[in-house]
Every structure is written in C-alpha cells, then in structure tokens.
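Q: Residue numbers (this note's numbering), protein chains in the order written: chain D, 251 to 865; chain B, 3 to 341.
Derived by calculation from the structure, the hints in this document are not laboratory data.
Don't take each hint at face value.
Listed next, the in silico SDA-like pairs over lysine to any residue satisfying Cα-Cα at most 20 Å (straight line) [claimed, not checked]:
1. LYS28(B) x SER310(D)
2. LYS131(B) x ILE60(B)
3. LYS222(B) x GLN129(B)
4. LYS705(D) x GLU300(B)
5. LYS341(B) x ASN236(B)
6. LYS311(B) x LEU833(D)
7. LYS705(D) x LYS222(B)
8. LYS311(B) x SER310(D)
9. LYS705(D) x PRO319(B)
10. LYS84(B) x TRP588(D)
11. LYS782(D) x CYS26(B)
12. LYS131(B) x GLY556(D)
13. LYS28(B) x ASP710(D)
14. LYS315(D) x GLU191(B)
15. LYS193(B) x LEU557(D)
16. LYS671(D) x LEU70(B)
17. LYS84(B) x PRO849(D)
18. LYS131(B) x THR724(D)
19. LYS277(D) x PRO762(D)
20. LYS671(D) x GLN707(D)
21. LYS782(D) x GLN129(B)
22. LYS274(B) x GLU142(B)
23. LYS75(B) x LYS277(D)
24. LYS329(B) x GLY315(B)
25. LYS75(B) x TRP588(D)
26. LYS161(B) x THR724(D)
27. LYS161(B) x LYS75(B)
28. LYS329(B) x HIS297(B)
29. LYS75(B) x PRO762(D)
As the structure is a computational prediction, the values presented were derived from the model and not from experiment.
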Amino acid sequence: MSAHASHAPAPKRSGLWDWLTTVDHKKIAILYLIAGGIFFLAGGYEALLIRLQLMYPEASVVGAKTFNELITMHGTTMIFLAVMPVIFALMNAVVPLQIGARDVAFPFVNALGFWLFFFGGVLLNTSWFLGGAPDAGWTSYTTLALNQYSGRGVDFYVLGLQIAGLGTLIGGINFLVTIINMRAPGMTFMRMPMFTWASFITSGLILFAFPAITVGLVLLMFDRLFGGNFFNPDAGGNVVIWEHLFWIFGHPEVYILILPAFGVISEIISTFARKRLFGYSSMVFATALIGFLGFMVWAHHMFTTGLGAIANTLFGLATMLIAVPTGIKIFNWLLTMWGGQIRFPTANLFAVGFIPTFTIGGMTGVMLAVPPADYQYHDSYFVVAHFHYVIVGGLVFGLFAGLYYWWPKMFGKMLNETIGKWNFWTFFIGFHLTFFPQHFLGLMGMPRRVFTYLKGQDLDVGNFISTIGVFGMTIGTILFLINVVVAAKGKRAPADPWDGRSLEWTIPSPPPEYNFAQTPLVRGLDAFWIEKMAGNKGMTPAEPLGDIHMPSPSFLPFLMSVGLFIAGYGFMYHNYVVVAIGLILTFGCMFARSVKDDPGYHIHEDEIEEKGVKA
Amino acid sequence: MKGWQQFWRQLSLFGLLALVLTGCGKDELSALKPSGPVASMQYDLMKLSSAIMIGVFIVVMLIFTYVLIRYRKRPGQQGVPKQVEGNHALEILWTVIPFLLLIVMAIPTVTTGFALHKEFPKEEALQVKVTAHQFWWEFEYPDLGVATAQDLVLPVGKKVQFQVTSADVMHAFWIPALGGKIDTNPGQENKIWLQADKTGIFYGKCAELCGASHALMDFKVEVMDQTAFDSWANGMKGVQSKEPVAATAPSAAQGQEIFNKSCLGCHAIAGKGGKLGPNLTNFADRERVAGILAHTPENLAEWLKDPQKVKPGNNMPNLNLDDAQVKALVEYMSTLSVK
Numbered sequence: 251m252s253a254h255a256s257h258a259p260a261p262k263r264s265g266l267w268d269w270l271t272t273v274d275h276k277k278i279a280i281l282y283l284i285a286g287g288i289f290f291l292a293g294g295y296e297a298l299l300i301r302l303q304l305m306y307p308e309a310s311v312v313g314a315k316t317f318n319e320l321i322t323m324h325g326t327t328m329i330f331l332a333v334m335p336v337i338f339a340l341m342n343a344v345v346p347l348q349i350g351a352r353d354v355a356f357p358f359v360n361a362l363g364f365w366l367f368f369f370g371g372v373l374l375n376t377s378w379f380l381g382g383a384p385d386a387g388w389t390s391y392t393t394l395a396l397n398q399y400s401g402r403g404v405d406f407y408v409l410g411l412q413i414a415g416l417g418t419l420i421g422g423i424n425f426l427v428t429i430i431n432m433r434a435p436g437m438t439f440m441r442m443p444m445f446t447w448a449s450f451i452t453s454g455l456i457l458f459a460f461p462a463i464t465v466g467l468v469l470l471m472f473d474r475l476f477g478g479n480f481f482n483p484d485a486g487g488n489v490v491i492w493e494h495l496f497w498i499f500g501h502p503e504v505y506i507l508i509l510p511a512f513g514v515i516s517e518i519i520s521t522f523a524r525k526r527l528f529g530y531s532s533m534v535f536a537t538a539l540i541g542f543l544g545f546m547v548w549a550h551h552m553f554t555t556g557l558g559a560i561a562n563t564l565f566g567l568a569t570m571l572i573a574v575p576t577g578i579k580i581f582n583w584l585l586t587m588w589g590g591q592i593r594f595p596t597a598n599l600f601a602v603g604f605i606p607t608f609t610i611g612g613m614t615g616v617m618l619a620v621p622p623a624d625y626q627y628h629d630s631y632f633v634v635a636h637f638h639y640v641i642v643g644g645l646v647f648g649l650f651a652g653l654y655y656w657w658p659k660m661f662g663k664m665l666n667e668t669i670g671k672w673n674f675w676t677f678f679i680g681f682h683l684t685f686f687p688q689h690f691l692g693l694m695g696m697p698r699r700v701f702t703y704l705k706g707q708d709l710d711v712g713n714f715i716s717t718i719g720v721f722g723m724t725i726g727t728i729l730f731l732i733n734v735v736v737a738a739k740g741k742r743a744p745a746d747p748w749d750g751r752s753l754e755w756t757i758p759s760p761p762p763e764y765n766f767a768q769t770p771l772v773r774g775l776d777a778f779w780i781e782k783m784a785g786n787k788g789m790t791p792a793e794p795l796g797d798i799h800m801p802s803p804s805f806l807p808f809l810m811s812v813g814l815f816i817a818g819y820g821f822m823y824h825n826y827v828v829v830a831i832g833l834i835l836t837f838g839c840m841f842a843r844s845v846k847d848d849p850g851y852h853i854h855e856d857e858i859e860e861k862g863v864k865a
Numbered sequence: 003m004k005g006w007q008q009f010w011r012q013l014s015l016f017g018l019l020a021l022v023l024t025g026c027g028k029d030e031l032s033a034l035k036p037s038g039p040v041a042s043m044q045y046d047l048m049k050l051s052s053a054i055m056i057g058v059f060i061v062v063m064l065i066f067t068y069v070l071i072r073y074r075k076r077p078g079q080q081g082v083p084k085q086v087e088g089n090h091a092l093e094i095l096w097t098v099i100p101f102l103l104l105i106v107m108a109i110p111t112v113t114t115g116f117a118l119h120k121e122f123p124k125e126e127a128l129q130v131k132v133t134a135h136q137f138w139w140e141f142e143y144p145d146l147g148v149a150t151a152q153d154l155v156l157p158v159g160k161k162v163q164f165q166v167t168s169a170d171v172m173h174a175f176w177i178p179a180l181g182g183k184i185d186t187n188p189g190q191e192n193k194i195w196l197q198a199d200k201t202g203i204f205y206g207k208c209a210e211l212c213g214a215s216h217a218l219m220d221f222k223v224e225v226m227d228q229t230a231f232d233s234w235a236n237g238m239k240g241v242q243s244k245e246p247v248a249a250t251a252p253s254a255a256q257g258q259e260i261f262n263k264s265c266l267g268c269h270a271i272a273g274k275g276g277k278l279g280p281n282l283t284n285f286a287d288r289e290r291v292a293g294i295l296a297h298t299p300e301n302l303a304e305w306l307k308d309p310q311k312v313k314p315g316n317n318m319p320n321l322n323l324d325d326a327q328v329k330a331l332v333e334y335m336s337t338l339s340v341k
C-alpha cells in the first residue's frame, strides 16, 4: 500500500451518514436485513389481505383488480425484495467471517449492489401511489402484461426489477470472487463451511440466471414503452418466448433461494448436535448437482403450455432426478443428528422443523414433475401449497433459523429464547394450517390467483382453515419483531454462544470492523472445532500483527442508484429530460469513481483491540 | 419431550381434520372424482406418486422421530459425540433407493404422457374448437356447423378432440373431473383430448390469470347420451342456419327490438350477429347467467343493468337500460331455446 495512505486518519463518520456511505460487509448485511425485513412485512401484509378476501366465498374485502395487484406484489416483493435480500444479509454477515476474510472482494460494489436493490424495490412499490400496482402476476405472462391488457403498474415491475436485478447480479459476482480469492490460508474449498459452499453455488446460479430475466424484462420494456412487438402475436410476436425467458431464470431462482437455506440448516444442525456434518463431501456435491440440474428443468413450469409429449416427458424426468441429491441432503442431516447431543434453542427448532416441512414440499415437487398428473395440479392451489412449503417451510424457516443463530454475531446481542420458542410454534403451526389444506383445495378444483370462489363448490372449509392459519404466522412474525426490540436491551452476546465450529465464532460479537486482527490459519473442516478439540483457546494466526488496510466509505453507490431510480421514472413517463438527469448522475458517479484514486486507509497496529484473536 | 408430543398431536389432529372436513370435493368439480379416462389415468398417477412419496415421508419421519428422542442432550451428559465423517454404504443406499423409486414412477409417466398427447381425427373423435375470451368461452363444432358459448355440450363415452386458442390473453382450459388443463395461447393452437363417461353437469374453469375477473371465468359442461346430443346438435344447426325467429309475445318482441339494436353487434343469435361476445342462440338452455349466476330472470336483469358489477373488467359496456327495457330483454332472452 502507498505510504501516505497509512498515515491518513481513519474516517470517522456517524449516524445516518455512516450508514449511507458504508462499504463494510457487516453493516451492509444489516442494511439488507432492515430493507428486506420491511419488504417482508409489506409482502406479509399483502398476503394477509389476500387470505382475508378468500376467508369466505364471494367476499368483497378487496376488489378484483386490487386482488390481482396484491397477488402480483406479494409474489414479486417476497421473492425479489424480501427473501433475496435477507439471504444477502446472511451471506454478507457470515461468509467473509467463515472464510477468515476482512471484507468481501469488492466492498464498493457490495454497497452498490445493496443500494440498487433498495431503490429498485422502492421504485416498484411506489406504483401503489402512482396509478396502481402491477396486476399481471409475479410471472407477468404476456399478453396480459402488455399495454392493451394491463395498466402502468407493469412498467414499475419492468423497471424496478431491472434495477434491483442489477444489484443482485453484481452481489452474486462479488461473492463468487470473494469466496474464490479471499479464503484464509488453509481454507481449501473442501474445508469451507456448508453455508459458504451454498452461498458460492447460489452466487454462481445468480450469475447465469439473472441475465435471462434481464433479457426478458428488456424485451417486455421495449414492448410496453417503445411499441416493440416481441410478445404481441397480432404483430408476429410470440407469447411463449416470455415464459421460457422467465422460467430459465425462474427455476434456478428457486434454488438460488433454497440452497442458502440448506447451508444454514447444515451449520445449525451440526452445531447443535455437536457433530461434524455427516457426509460433508456428498453434501457439497449434492448442492452443486442441484444447482446444475436446476438449469435443466425450467419447462416443468410450462407443462400445460403445449410443448408436446417429448419435451414434457424429458423435462419431467430431469426434474424427478433432483429428488436424488435432495434426498441425500435430508438423510445426511438426519444422520448428523444421529449419535449427537441435540440441544433445541430456537435456531435449532427452526432447523429441525425445516426437515419434515421441506420434505413435504420436496415430495409434492416430485409429484408435480409427473407431467400427466401435473396437468391437474398446474395453476391450482396444489401448486400454491407446494411452493409455499418450499419457500416458507423451507427458506423462511431457514432464514429464521439463521437469524436466531447469527443474530448474536451480527448485533452482539442474544435474542430471547422464550419469545423465540413462541415465535417458532406459532409460525410453524400457523404455516401448516395455512398451506396444508391448500393441497386439497387445488385437487378439488380451485385454480390459483382467483379473487373469490363461488358458494356450493365445497371449497369453503379449506379456505377458512387456511385463513385462520395466517393469523398464526402473523403472530409469529410479530413475536420476532418484539424479540428484536427486547434483544436490543438484552444481554451482550459472547464471542461463541453456541459452542460453534467455524471461524465466525472465533472473533468478538459483533466483530471489529477489520474482523480478524490476524488472519487465522485453517487446519481442516470445522476449523474452530479442531482447535477446541486440540485444547487451543483460539486460532493460530497466519500472519504477524500489523497495520490493516481498509476500504474508504463512499457515497457514490447511493448516488449511482438514485440516478437509475430517477431515470426509471423518466422512462415510464416518457420524459427524457428526467432520463438524462438520472443517467448523467449515474454515469457521472461512475466516471468520478474511475478517475479518483482511492487508496483506502490503514488501521494502525496500536489501534487493534487486544480482545480479538490472541496472537 | 412435552413440546414434541404436543407437536405430533397437533400435526396429526389438524391433518386429519383438514382431510375429514374437506373430503374429496364436489363430484362435478373435483380432480379426485374422475369421470373420464383422462382424469382416471391422471388420478392413477397421482395415487401412485403420492403413495411412493408418503412411503418416503414415513421412513424420514421414523428416523427423524427416533433421532430427536434418542439423541436429545440429557442433563449432565458428558463428553463429546463421536465425529462421524460419513458412511459410504449408507450414502450409496439412499442414493440408489430413491433412484429406483423414481424409475417406478417414470415408466407410467412416459406411457401416460404419450397416451394423453394422442391426437384423434374426426373419424374417431368429436372435434371442438375452443376460443377463450376475457372472460368467457366460445365453443365451435366445425364438423357439425354449430357454435355456442359458456355451456360446452358433449356426448357421453365419446372422445373429444379440442383445439384451443385465445382471442386476447392467455387462459387455461380446465375441466377437473374430466382431465387436466391446457393453456390457450393467443396466436397459437393447442390440442387436448378428453372424454366424459358419465352424463350430467361438470364444472369448467379458467386456470391461468387472465385479468380482473379470472376467478369468474367459469363454464359448464353438459354431458348427454349420444341421441340427445345428436338432437341438440341438429336443433342448433337448424336454428343457426336461419335468421332469428321473430318473438311472438308483445313484451318479448319489444325485447327483440332492443336486442337487435343494442346487442346484435356483439352477440349472435341463430344465424345472425357479431362474435365479440358469447353466442346466445340457446341462452335460455344454459346453466348460468354470465357463467356464474344462477339462471333466473332476476340475475339476468342484474347482469344487464350493470355487467361490470358482476364481472369486473369484462368487455360488455353498460347499456344504461331502464327497468322496462331490461324486463323486455329478459323476456326475449328467455325464449332463446333450442330444446
């Protein structure tokens, strides 16, 4: 590093300004968590309204059009703006620590990824106040999503998701580079914790899947804003192309979501059974195989599109194959607990509750992979039940588990266990009550995305039970929020509250901004556990104590994202002055970033707190 | 321990409750009550795949329960559990067994898959052309020279080859009790065959989000024996090859006048009229008004007064008819029968 940089004082920033300019992965994790959490509450509120409308037949809690806006925004918000960011929150908070790194490879890009996601999400949600939210479903099938059949809301979908998607894409690239390049000495690929592995594979899936949706969104934008005819059959366009582009992204997206949850569950089950993960290498290969097969099966979302017997059968059989690596994972988790000493703090309750719930979701997944039977399930409530078992029963349970598990590390505070247990049980029971009856509703002839159902079709009881269940999940979510508030005043977390096995538990909670005073030397899988078993207090350092080079905070990522946010409105309202202002802001910031030399700063050896890793 | 007992009690209780209370659905609507060969083949596959899956689930749950009870941390438990790396025999076992189970499922998947995608020429099957509209269904029988809407009339025990498409957005054509669905794609034609083995009424649905009133895009399937079907088809053909008959009763005649002036541009009756809205030749014989309301004069009047209130977002404008005009129209429309 240049000599003058080491003498530059560490920039002291406080309050809001610190959060708007931070490039620290731990703070970006918290930003992702807060933003994702807020969007999660919005999406949850939409879900509550949906279920209230469906509680009784022929009800009119909300109107037909509003209902379609609610389902569209519920799906879009939950997938793109709630669970993806919370996954990124956990990845940001945990992955650099697990691999013994001081930050991600590109801290500036990390901040940019967050702000792009955030402003994309805000843009999408402002549609509620600017003429109505998108109402063509989160899948936005054409021609329904074209101008003739839907309002301006879909423009918000098209532009909001492009901006947010950019953020996700560069976030994924950042984690790929981080995990490949920033591992501590001795941390070989096959010694990486399962969560890091899952994050690595998920990032790879993001890299290949997001371009497909971007292409689709750009084409749809041309159709809607500039009179293109890619999806307009009256002018030679084709509606099925959109479905392909959407699902070439959309199916890998499912694995982008669930693989990190698999990673979380693997960490937690192993920690609380006090055993190493059973079949670690088969776990890694199963994860990679799921990621790989995930790209081969998109057309199983399109069995009723009319692709024909050969395509449907091949895609169906390929889909069934995914059951094999998934089964391997489930049995590995069970055998990890076999012979262990299992404790049940809330984190492990969610992890253990995940197993039967996700197994049900996986089972219905295999059933859906049988194309002839799928002709009955498709677009019915059976599918709604299936994907909520996977995404809520799988992913959201996994996220709750991960939050309870890593909260002490992220915030330095312990979440309350009593509230946590109530949180788990209300959410768990509410979840099954909501979604289990929906399997039967679908088979009994209830299509999905219906704003109401007529009396006399034997659909009343199932829908009523389903709505009652939502109250359980609502209470569970509120209890979690209460827990966060209680925890803020609660007791300080020790560095290693759970008798952990990986590197993040070797440093204080919350970690200092440089994470590791000295980069640790990794001697095997479960690096910290190995040291514990060898009777060592901490990790062996891999470097002498010295000055630590840190990246400078920057306001540019925020401004670049604001620029695209402004340009988005300009495009929608065909106001090219606004477009120009927005794009000049974005590209101006990019130019400034490119020409301005920013060497970062150093934390001096004397400033490094001694309470970190013992030298 | 108590928490887990409670968990199991609750899980089994509400599972059972959900099953008992919801049963298998309505005969006319449920995919669990198949009334034709296609639905039966699909039902058989559902049963096979769910049986295999429930078997797997039981195995997983047995291990799960045993592990959670047996390997809980006990108070005062000392020492560190044995750190097991893995077990090749076990790992091979739970890779191979699922694979074999999948083969059991794959074989009927392939055979049924191809059986359902057969296409039957007009010598072997009744040909019906389905066109989906926001938010109604148009049915044409090209070989019989008959067109109708909303109520699909089929002969019992005979294969029906459908050619489906859409006039606007994507919909999906679904009669759960007779078989699975197929999307109606604008600009393309999809094929599906179905067969009803029971006479009576079945419920049809649109299964693809298609706009505000997607939920209300229902239709009915009336299955009759071959002679009744033939006479229905002949009756329809006879009426549709001629101009509409003049109504005799005075109020109905007044209604016909209004109809000819305000409705005929979009709705056809007999051999005359537009195709933008449902063909109303046999309106009085239909099961429902607008596909959803019970077929009563009051409901028809409600629809005529404000179509948007009944089916939001549909293409029929409010004609601003006064009560007398509505009454006359209702009178006239209840004469539109071919039975």
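Q: Give a verdict on every hint.
A: Hint-by-hint comparison with the structure:
| no. | hint | verdict |
| --- | --- | --- |
| 1 | LYS28(B) x SER310(D) | violated (24 Å) |
| 2 | LYS131(B) x ILE60(B) | violated (46 Å) |
| 3 | LYS222(B) x GLN129(B) | holds (18 Å) |
| 4 | LYS705(D) x GLU300(B) | holds (18 Å) |
| 5 | LYS341(B) x ASN236(B) | holds (10 Å) |
| 6 | LYS311(B) x LEU833(D) | violated (45 Å) |
| 7 | LYS705(D) x LYS222(B) | holds (15 Å) |
| 8 | LYS311(B) x SER310(D) | holds (12 Å) |
| 9 | LYS705(D) x PRO319(B) | violated (27 Å) |
| 10 | LYS84(B) x TRP588(D) | holds (10 Å) |
| 11 | LYS782(D) x CYS26(B) | violated (57 Å) |
| 12 | LYS131(B) x GLY556(D) | holds (16 Å) |
| 13 | LYS28(B) x ASP710(D) | holds (12 Å) |
| 14 | LYS315(D) x GLU191(B) | violated (29 Å) |
| 15 | LYS193(B) x LEU557(D) | holds (10 Å) |
| 16 | LYS671(D) x LEU70(B) | holds (17 Å) |
| 17 | LYS84(B) x PRO849(D) | violated (49 Å) |
| 18 | LYS131(B) x THR724(D) | violated (47 Å) |
| 19 | LYS277(D) x PRO762(D) | holds (11 Å) |
| 20 | LYS671(D) x GLN707(D) | violated (39 Å) |
| 21 | LYS782(D) x GLN129(B) | violated (75 Å) |
| 22 | LYS274(B) x GLU142(B) | holds (15 Å) |
| 23 | LYS75(B) x LYS277(D) | violated (36 Å) |
| 24 | LYS329(B) x GLY315(B) | violated (25 Å) |
| 25 | LYS75(B) x TRP588(D) | holds (12 Å) |
| 26 | LYS161(B) x THR724(D) | violated (49 Å) |
| 27 | LYS161(B) x LYS75(B) | violated (63 Å) |
| 28 | LYS329(B) x HIS297(B) | holds (15 Å) |
| 29 | LYS75(B) x PRO762(D) | violated (34 Å) |
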